[in-house]
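Given these sequences and hints, build the entire structure.
Protein chains in written order, with our numbering: chain A, 2 to 365; chain B, 2 to 365; chain C, 2 to 365; chain D, 2 to 365.
Be aware that one or more of the hints could be misleading.
For identical chains, the list gives no copy identity; a pair is met inside one copy or between any two copies.
[To be verified] In silico PhoX-like links for lysine-lysine, alpha-carbon gap of 25 angstroms or less:
#, residue 1, residue 2
1, 308, 277
2, 277, 181
3, 195, 277
4, 180, 195
5, 148, 74
6, 189, 326
7, 273, 35
8, 96, 35
9, 308, 189
10, 277, 63
11, 74, 96
12, 326, 277
13, 53, 195
14, 277, 180
15, 308, 96
16, 96, 273
17, 308, 195
18, 148, 308
19, 273, 53
20, 199, 63
What the hints contain is simulated information worked out from the structure, not anything from laboratory work.
Protein chains: 4
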Amino acid sequence: MKNTFGNNVSITLFGESHGTAVGAVVDGFPAGVKVNEEFIAHQLDLRRPFGKISTSRQETDKFEILSGVFEGKTTGTPICIIIPNENTQSKEYSKTYGKARPGHADYTAFCKYNGCEDYRGGGHFSGRITAGLVAAGAIAIDLLSQKGIEIGTHISKCAGVEDSKFTDFENDINILSNKKIPVLNEEKSVEIIKNIEKIAEEGDSVGGILETAVIGLPVGVGEPWFDSVESVLSHALFAIPAVKGVEFGAGFSCADMLGSQMNDNFVLEDNKIITKTNNNGGINGGITNGMPVVFRCAVKPTPSISKEQETVDFINNENTSLSVKGRHDPCIVHRARVVVDSIAALVLCDLLSQKFGTDWLGEV
Amino acid sequence: MKNTFGNNVSITLFGESHGTAVGAVVDGFPAGVKVNEEFIAHQLDLRRPFGKISTSRQETDKFEILSGVFEGKTTGTPICIIIPNENTQSKEYSKTYGKARPGHADYTAFCKYNGCEDYRGGGHFSGRITAGLVAAGAIAIDLLSQKGIEIGTHISKCAGVEDSKFTDFENDINILSNKKIPVLNEEKSVEIIKNIEKIAEEGDSVGGILETAVIGLPVGVGEPWFDSVESVLSHALFAIPAVKGVEFGAGFSCADMLGSQMNDNFVLEDNKIITKTNNNGGINGGITNGMPVVFRCAVKPTPSISKEQETVDFINNENTSLSVKGRHDPCIVHRARVVVDSIAALVLCDLLSQKFGTDWLGEV
Amino acid sequence: MKNTFGNNVSITLFGESHGTAVGAVVDGFPAGVKVNEEFIAHQLDLRRPFGKISTSRQETDKFEILSGVFEGKTTGTPICIIIPNENTQSKEYSKTYGKARPGHADYTAFCKYNGCEDYRGGGHFSGRITAGLVAAGAIAIDLLSQKGIEIGTHISKCAGVEDSKFTDFENDINILSNKKIPVLNEEKSVEIIKNIEKIAEEGDSVGGILETAVIGLPVGVGEPWFDSVESVLSHALFAIPAVKGVEFGAGFSCADMLGSQMNDNFVLEDNKIITKTNNNGGINGGITNGMPVVFRCAVKPTPSISKEQETVDFINNENTSLSVKGRHDPCIVHRARVVVDSIAALVLCDLLSQKFGTDWLGEV
Amino acid sequence: MKNTFGNNVSITLFGESHGTAVGAVVDGFPAGVKVNEEFIAHQLDLRRPFGKISTSRQETDKFEILSGVFEGKTTGTPICIIIPNENTQSKEYSKTYGKARPGHADYTAFCKYNGCEDYRGGGHFSGRITAGLVAAGAIAIDLLSQKGIEIGTHISKCAGVEDSKFTDFENDINILSNKKIPVLNEEKSVEIIKNIEKIAEEGDSVGGILETAVIGLPVGVGEPWFDSVESVLSHALFAIPAVKGVEFGAGFSCADMLGSQMNDNFVLEDNKIITKTNNNGGINGGITNGMPVVFRCAVKPTPSISKEQETVDFINNENTSLSVKGRHDPCIVHRARVVVDSIAALVLCDLLSQKFGTDWLGEV
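Listed below in structure tokens is the structure:
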């Protein structure tokens, strides 16, 4: 289904960038889970624009839980969270309607919806819609954490800067959870900001790679074939408009490896079966093997740039050019991090619920 | 759902490597489409082992259509195709049961199914299950072709050899359709085979990258968010057990690009809106923009290698070592090609059916 | 999925009786359909309590469209409509928590949600949740009407009074659309009200039967087996908490009929194939045959009655008795009518969309 | 999805009456459940024609399990069962193609599938397809039974004869499981057969009502709204082509009841909460309350009758008449019983799996 994902635990998204509100409905979430509104606010804060390397559109992101929470705990029935839009400047957009912003969904939305799309600020295609996802995801992240499952994402690469690799997963994930620029090597943060600022000054934007690790998952989660952990995670991750690639474990580098290098040998350590390497990213045959689930998302450069670009006016059917004014981010890699975490958490709640049941999921 | 994928047009897979038969059920396929049994056989043939670079297990892959086809045409009701297993040598497997083959699903299946899994030849996790997918996909490929939509996949990289890039999509796709080693630069085929044979002699295996192009798709196919073309294609592609990465257009390389490089400028040519570059792989905001849909899959080296590997015996709970005997492929990249094409065709039939209706899909 | 129904066109419900708001998200609805807010208000008005035969809880039912509508027309992306709760008197409920109201979901919700359910006014199990459904359904009813498909429901039987049968479908449906007590024979309306009032005075409640007709559907809508028109309609209709029976055409009376009586003979009239009788309710093999689709829902008496009833206090684990105070309806049959129409409209939009495509559905 | 139903545990049907085979795929069934092939054969036997009151088409119903069972136990991966068609006499049907058999899907299938449907013996619309469902359902019935959940169905009414009501559920269900004519009052069996035979002699057919009870279900199974126990059961039950009505507990008779009569008062007995009556059929708010789940299905008279009927030849577009020759049943009520049981078992496995998890479901 278009804006709904998940089986036992599902999420439905709605809203437009310049509409009344964006939001999400989470269904199938277990009853009795404490809802930490501060943590939701914290997660929304991680998604918000930050300093000069982000858009100047500032939303307070005050969220409102319309349903599904009673006396501070989940009721087991649908949780609807909305985040009203406040700081919208829609005029800018109506003036340029018809001029397809390259890399954006302006033209495809026009074709798909026969010119009835809400084009203001990208409408339903805007990254703004992820605010609902992040609010919903916060509840899932919180629940998983109480079950010993932790998720962390760092900027593996951005604006020409490469971060260190995960070494101590538990500690690394913990440290990342409060960083606005989520890097493992803190020095890289300064470098990344500097480079983005420089690119922003040139009216350009830049992309990057996010790397995520999930620890604490039991063995045996996921399904063969169409509900493989890779399948459902990638399905949800590619919903993020900027994501153009998803890989697990060694990912694309496996193309240059031999079987003897790629295979992760099993070994019994302290009476626990682990693998010596983790090129399969914690997943064998679509099913978790107890090792950290590790994946990477390629995040493309923000398509909104102030540099002049050639394009087509699809209303007047003529070639033209465009400099995207509005307010936009020169980079969204750091902001996308919490969206990735949220998606991963929701997907994993669903897979765990299928295996162990909704009742089990709520036992915290 | 675990072994079922798709909404309007869906596929369900079943079978085990050494069971009676593998097969697939396609539901929601339109009525009145001619079923070309020769083409199904042709596609199954492309999936079959080939020469010294493949397993010596030889299946005739005689398929049988149990339902959904009447007087040579689809009836509109579920098409069940089975492919009996013939050349099975199961004894080899029971002897080593408990010794987890690294890179395989032996251990995760054991944990997930409490030791009740059919372990022979990888059981339900075997690539053998893709035979049903290929047979079903052949019907979808055939239908799309009659609607002017063509799919082609080549080996972008394998065993250290890089193929040329797509230049003339229509012609390239046409040429690829009959090649056992699907490369655009025919000379590379010899090189690839030679390298694989060498690796095979050393008891090892090798992976690669498959690149796929789909041409002829109308603008406006796909949905925002969870049914983006990227989401549903990646979901289905990651069902292939060997796939560890999926990227669209520029994919992971977008991390090193600026917005001004990544954005695909629109231009009006011969009264048709196209993009000058195709870094977004024919997809904006999850929806087709009329350019070729281009994606790549990372295929890991076959985990079955005869080289000795350390592992764990999960029955006796002890460290041990293993040399995978059986019959196995030193490389499956070329064989996986037709699986990728099949999956893409089935997914696209589904998306087209959602937009235009089942009735339209059947008008050929 | 629990609170989501539909494939191409889907609806998701959320909210609790005494929470902030109830609402619905409609996804997959076509773009470009004019949204008639007056009609939505009209439909909500039909659902609202009426005179002495209804609860004294009066909600203004001011709805707010949060997304999916732009410049008065649908955008093709999710439509979220909320209806804030205003007139809530929750204290009454906390006092009696634990005393399971017979016929209600108090006890089952307590067991299912481990005592974390929002029990106030029935929480998520309250008929109040249908307000969101009615608002969403209004848009679907409006769209179908523009495509020549009309839906009408009358009270077939209530409080011992039997209404006339449909005779002139088009005219009957038209007349019903504005009636607060939807009967075909207007005289019956007075009788029904009188009887309900009498029952109410005795602190009791009463049920009834609603009969629905849908005209203008093309032949060939629906699917064999699990997406038969009967299957999907009944699935959605049984979501209404008070519905305990659903039948199509002759329904349960077919048990007393011979095949020669039940079979609907076909006849060619004015070059159109129709049936002489309509015992199959316009559906053969799960698929519409062009005749009016006719079905009936059994609506049970409102379980909230002020008469004293024996019950169990599941908190204190003891037998007790209860007289439901609060504000409640002695009869909801007339109010449920518009819920049935809404559900039918949403389900039919989905089935039509599967056959003809989302694009076709939006062509009005 | 058209021919697939269920979330965690799903079933997919395929096949045509005169095709190669009919069958079913069950997915999501837990691993490690013993598969009792004799019980499957027994259930198929209950579905088979019986004596003079059934069609003379005799199928041996030899089933073959193609996948999902290994060493006598389920593997946890898809179970595909096929039942080859043997005793087909297709010629009869091609001669009369175009003459729509009243009450059958001939005309609607022709319209839906553009004349490409397999019309022989009703094709995919034939009751023959339920053989696959029964084979699959047998495994589910067996599993539930091992978990203390028993399902039994009797003929509540048929051919003018009314059976007794359930009194001792456990004993009644046990007795019914081996009866070809499933009645609680054995004397009624003779009467029913006699009446059907008489109707058959006149070239006519007759319908009836099946009543089902499920005991042993825990409290708290099912969901509010769209996955209410009533919703999902009715969805699946209406897939049976002959079913035209489904009701739970008091069902349609609730229209004539007062709230004080319909409400089931709770009472604590032996420290267990039960209800004094069961007018709600064991379901409150869509969720099981621990009482027997009781429902009834209206089964229409078999549409195939040898009496001459008026109809339309939709190929030649003219009024005509028809006497259905072929081989057909004057009554299918008794044969439909095991289909109802099978559907109920599969649906309940799914609901239980959602609540308690796949792993729990397999613990027997």
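Which of the stated hints cannot be reconciled with the structure, identified by number in ascending sequence?
2, 3, 6, 7, 9, 10, 14, 18, 19 and 20
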